[in-house]
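S.K.: The primary structure of each chain is shown beneath.
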Amino acid sequence: MTPRDRIRYFFSSHRTGLSVCLLALFLLVYPAWVGNPYLLGISNLIAVYLIAVIGLNLFIGYAGQISLGHAAYLGLGAYGSALLTVHLGINPWLAMAATAVAVGLTAFLVAIPTLRLSGHYLAMATLGFNIVCYTVMMQWDRVTGGPSGLAGIPHLSLAGVAIDDETRFHYLAWGAAILVLTLGLNLARSSLGLALAAVAQNETAAASLGIQVHRAKIRIFVLSAVLASVAGSLFAHCYTFINPDSFTIFNSVELVTMVVIGGLGSIWGSLFGASLIILLPEFLHFFETFRDIIHGLIVVTVLILLPQGLVSGLKDLLRMRLLRKANNARN
Amino acid sequence: MLEIDGISKHFGGLPALEEVSFRCREGMTTALIGPNGAGKSTLINCIAGTLNPDAGAIRFTGRRIDDLPCHRRPYLGIARTFQNLALFPRLTVLENVLAGLTPEAEQSFVKSLLRLPATRHRERLLRLKAMAMLDNFGLADKARWPASVLSYGDKKRVEMARALVAGPRLLLLDEPVAGLNGAETARIAMEIRRLHGAGLTILLVEHDMDLVMTVSDHVVVLDGGRLIAAGAPQEIRTNPRVIEAYLGRMSVTA
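Chains A and B, in that order, give the protein sequences.
Here our numbering is used: the first residue of the first sequence is 1, the next is one more, and so on.
Here our numbering is used: the first residue of the second sequence is 1, the next is one more, and so on.
Computed beta-carbon distance windows for the label pairs:
(1) A:D165 x B:V149: 51 to 57 Å
(2) A:I304 x B:L116: 38 to 44 Å
(3) A:V132 x B:G37: 44 to 50 Å
(4) A:T301 x B:G224: 49 to 55 Å
(5) A:C21 x B:D141: 30 to 36 Å
(6) A:T135 x B:D141: 53 to 59 Å
(7) B:P69 x A:D292: 40 to 46 Å
Honestly, the hints are just simulated from the structure, not real lab data.
Only a predicted model underlies this, so the values are computations on that prediction, with no experimental measurement involved.
Glycine is no exception: its CB is placed at the ideal position from the N, C-alpha and C atoms.
Just chain A, with the same shape it has in the complex (with noise of 0.2 Å):
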C-alpha cells in the first residue's frame, strides 16, 4: 500500500465517523458564528426533534412499521419530566432519566399487543394511543393544568451552571443530538440493524433467518420511545412551560413528515428532514394557517414519488443509474 492508498483507506474506512466529528465540529463554533439566540434557538429545537426523529426513523424506516402517536411518547417525556420536578422538586436529571425509564416500561407495554397489528390496524392503534395520552393531558387539570398547561420548570444544571440561555443549551442539545445520531448510525450498520431491515421487507424469511421477529419489533419500538422521551424532557426544561398542545396527533404527523423527508432507514436524512421541518415556516409566513396542509402535501407527493422517502429515494435513484453505468462500461 502507497502512503496515498493508506489514507484513501483510512478516509473510506471511517467516513461514518469522520463525518459526525465534521458535523460536531461545526457545531462546536456555530454559537460564536452566529450569535444571535433567535436563530440559536430554531436550532436548539432542530437538535431536540432530530432525538425523538432519529428514533422514529428506525423504528419506521428501518423496522418497517409505522407511528402515528409519537408526540405522545414526547408528551410523556415532557410531563413526566415537569411534574417529578414541579410537584415534588425532584432534581431535574433525576427526572428526566426516571421520566425515561419509565416511558420505556409503558412502551413495552404497549407493544406486546399493538405490535401484532400492521399496516393501517397498527397506525390507528398507535394514533389512539396519542388520542388518549392528550385527553390525559387536557382533562386531569389538577395535575397537568390542563389546556393552560404547566410553567416553572427548573432549567438543568450543569456542575453549579443552570443550562438557561440559548448558548448552553445549545451544548447540551447538540451534544445529545450527537450521541444520538451517533447510536443510530452504529445500530443502523451493526448486524442488528440489518435484522431490523430483514424484519420490514419479509418477515417470514427474516423469521427462518434465526431473527426474533416480533422481539426486534419491541426493542426498538421501546428505544424509540425512550428517546422520544428524552427528547420531551429536553424540551420542558428548555422552556420551563409546556401544554398539551405541542403533543397532538399533528405533531405526531409532523415527526412522521420529518421521517418521510429524510428518507426510510436514512439516519443522516433525519437530521435534513427535522432540519427542513422546522426551518420552513422561517422562510414562509403563511406557512403556519396552513402547516397541517403542506406537511400532508409533502408526504403524499414524497411518498407517491419516492416511496422510500425524499433523500433515500434520490440517493437509490443515483446508485442504480451509477451501477448501470459501470454495468454498461464492463459489457
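Assemble chain B onto chain A, guided by the hints.
M.R.: For chain B alone, kept in the frame of chain A given last:
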C-alpha cells in the same frame, strides 16, 4: 437425522397433510415429489417452522422440534429456501447473504449501539464469510447490487447462498429450479451434487423429474396430503401408484 412422524395439517376443514411419516437419513438427499396441491410445501413449512402442524411429531437429531418457534431452528442447523423467492429486495446481495449469518451475529442491543472494536471485528469476519459464499456461487461481482435488480436465476442462487452461508446440517430446498432454463438448472443440479458430496443432508421438493432422478438417494411421494410411496428413484419410477397419481390425474384433466 430428520424424522417426520404422523404429521397432519388442516387449513380450515381441508386436510393438507394426513399422518405423513418418513425419515431423511444423514448425508442423503431425499426428494419429496407429488402433483400440485399434494402438500409438499406445507410439509417443508412445517419442518422449517413457518407453519405449525396440528398433530404428529418432527424430530431432528433425536430432538423434537415441532414445538420450537421458527427462529430457533436455524440455530440447530436447519436452513431453507423458498418456492417463491423470499429475498430482501432493497438490501444488497451481500446483505441478503449476511442475514443468513444471524445465528453467528451480535445479538446484544447495547453492544450494537456502542459498536465496540470487538463487534466491528466480528462483523468484518462475517462479511468475509458471506463474500466467500457469494464467490462460490459466482456472484461476488454483484455483491453491492440491490437484490431486486438481479435476474431470476441469480436470485435463486442468492437464496441458496443465504441458506448455506451459516453451514447448516439440514438443507430444505423448495423447488430450487422452478422457472429456470436448462443451463441454470444444470448449474443448480451441480451445486446440489457438490453439497451431497460434502455430506450435507438435503430435503428437496421438486417437479423437475430429471433433477430428482439424478440427484436423490431416496424419493418420497405425496398425493392429496397422504404418503403414497417411498423408495429408491428407480423403484418410484415404476411404482404403479405413483404413475396413477401423476398420469391418472392428467388423463382426467386432459
